[in-house]
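S.K.: Here is how the chains run, residue by residue.
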Amino acid sequence: MRREPQARAAGFGPRPWQQTSWDARAAANFMAGGAGSGLIVAAAVGGGPLWAFALGAAIVAGGLLCVWAEIGRPWRALNVFFNARRSWMTREAMVAPPTLLLALAAALGLPAAAGLAAACALAFVYCQARILRAARGIPAWREPALVPLIVATALAEGGGLWLALAALGGGAASAAAWAALAPLLLVRLGLWARWRGRLKAAPRALAAIEDAGGRLQAASWLAASLAVVALALPLPPRLEAAAALAAGLLAAAGGAWFKFTLVTRAAFNQGFTVARLPVRGTRRGAAMASAVASTPARPGGSAPAKEDRWA
Amino acid sequence: MTRWAMVADLRRCVGCQTCTAACKHANATPPGVQWRRVLDMEFGEFPDVQRVFVPVGCQHCDEPPCLDVCPTTATRKRADGIVTIDYDLCIGCAYCAVACPYQARYKTERRSFAYGRASEHEQARFDPDRLAVATKCTFCVDRIDAGLARGQTPGVDPEATPACVNACIAEALSFGDADDPESRVSRLLETHQHFRMHEELGTGPGFHYLWDRADDAPPPPGEDSR
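Chains A and B supply the protein sequences, listed in that same order. For the first sequence, our numbering begins at 1 and goes up steadily by one. For the second sequence, our numbering begins at 1001 and goes up steadily by one.
The shape of chain A in the complex, shown without the other chains:
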């Protein structure tokens, strides 16, 4: 049986395991919600084609449809609006309609709608971040540093998509767009490192997070490098468009993979722990418990539960 010294630090108990209640459909809501909201914000800030608003709204709606497909009683979905006082999921659901409607209004050319749509989109993605933060059963999610990371990831994804759309639309990416993308990516990397540094989770969860983080870093650095090159060198229009497309997709893909991993591979619970071992008969057993508890972590230490089914 594989033993993990991690268990010792938190007490005694079986190993944590990946949650199975939310699958890729729930992950898709976070991926699409972030990217779509970010695109709406980028379109409002950066201008460009109006249909970017519509695309952003469609991406957000697609994510919501995914999560609707996951719930057990989809025809009761409207009950989701019942707990605005406490639940961030209710708040997310309440912010979604105005986000979508305002984004569509902006896409139809209503100038005042763009800013409001961006504000609602920011609120939407903030609610998504708080949804994860409120899940106290998952150590990787309940870490407060995850909230700014999720918001920054959404903005970087949206900025990347906006840049890629500009390239696909044939328009040259502006220097301002390039100049905005690189700092966004660097901020996202910084927030990822901050969150990762504070994280205390199961070794397998950390391994999955490291893997996703490695991809996130690679994508971010590559995209940021492309931005620097595009800013520093007078590239031919076609080459600049290709660079914008690549940088934008990299920025979006890195964030999407991170969130997919966060939900489906790094969402380990904390297992079960007992703070003290029972003393049966004399307290000799307690002495052993104390000794076990105070011994530094080492392989072959406190064993996980024999019932590996729960581990």
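Mixed in with the good hints there might be a few duds.
Claimed, not checked - Which chain B residues stay away from chain A? Per the calculated CB distances, all over 10 angstroms, these:
#1 Arg1078
#2 Ala1124
#3 Gly1147
#4 Glu1182
Unchecked claim - Covered stretches of chain B, as calculated for chain A (at least 3 residues, CB under 8 angstroms):
#5 1019-1032
#6 1035-1047
#7 1193-1201
In case anyone wonders, no lab produced these hints; they're calculated from the structure. Please read all numbers here as calculations on a predicted model, not as lab measurements. Here a beta-carbon is modelled for each residue, glycine too, at the ideal position from N, C-alpha and C.
Add chain B to chain A, keeping to what the hints say.
M.R.: Leaving out everything else, chain B in the frame of chain A:
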């Protein structure tokens, strides 16, 4: 006030799973769903090893994370501390399941039976309202409420006491009002050293684990030294 609470004496539990079976029988939970379960843990290295059986389930927390996240208000907490789920409101989003630090919540998507076809008991007890929604231990709230209505005392009168407690062969499980200093659970907590699981999360579980007698408690008969 009343605060219903469960006490598990880890020194007494022998891991027989009778409480698990009693819970399944009382609540007709489908295969794979164990509102009350007993973990079998081993610690240490040969020859200095220890085996511990740990009953777990919904901890009926003072500050239930499942209550805060539930978007439908299906999850509620009664004044007596029991956390309930309204199956008619629940949309089965499973947010409560990921929010619960005790892995106490279940969602069953489709009808299933222990041996494929429904037995007579399973057929009679099948409840379609519990499909595709969150379910969990209720502390046998129906028994408690019915017993109270009859003037009985939960934790004392078996008819008003959770099935797992009634079934425990070692008296490892006790149930009662933690706010009543005369209740069995209050006396156990007073005379023993105890802890609650994942207490650092601030959930305030209503499930207490005894691991030793209190320092100032007299040794049990037959034990003359520590």
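S.K.: Which hints, by number, does the structure contradict?
M.R.: Number 5 only.
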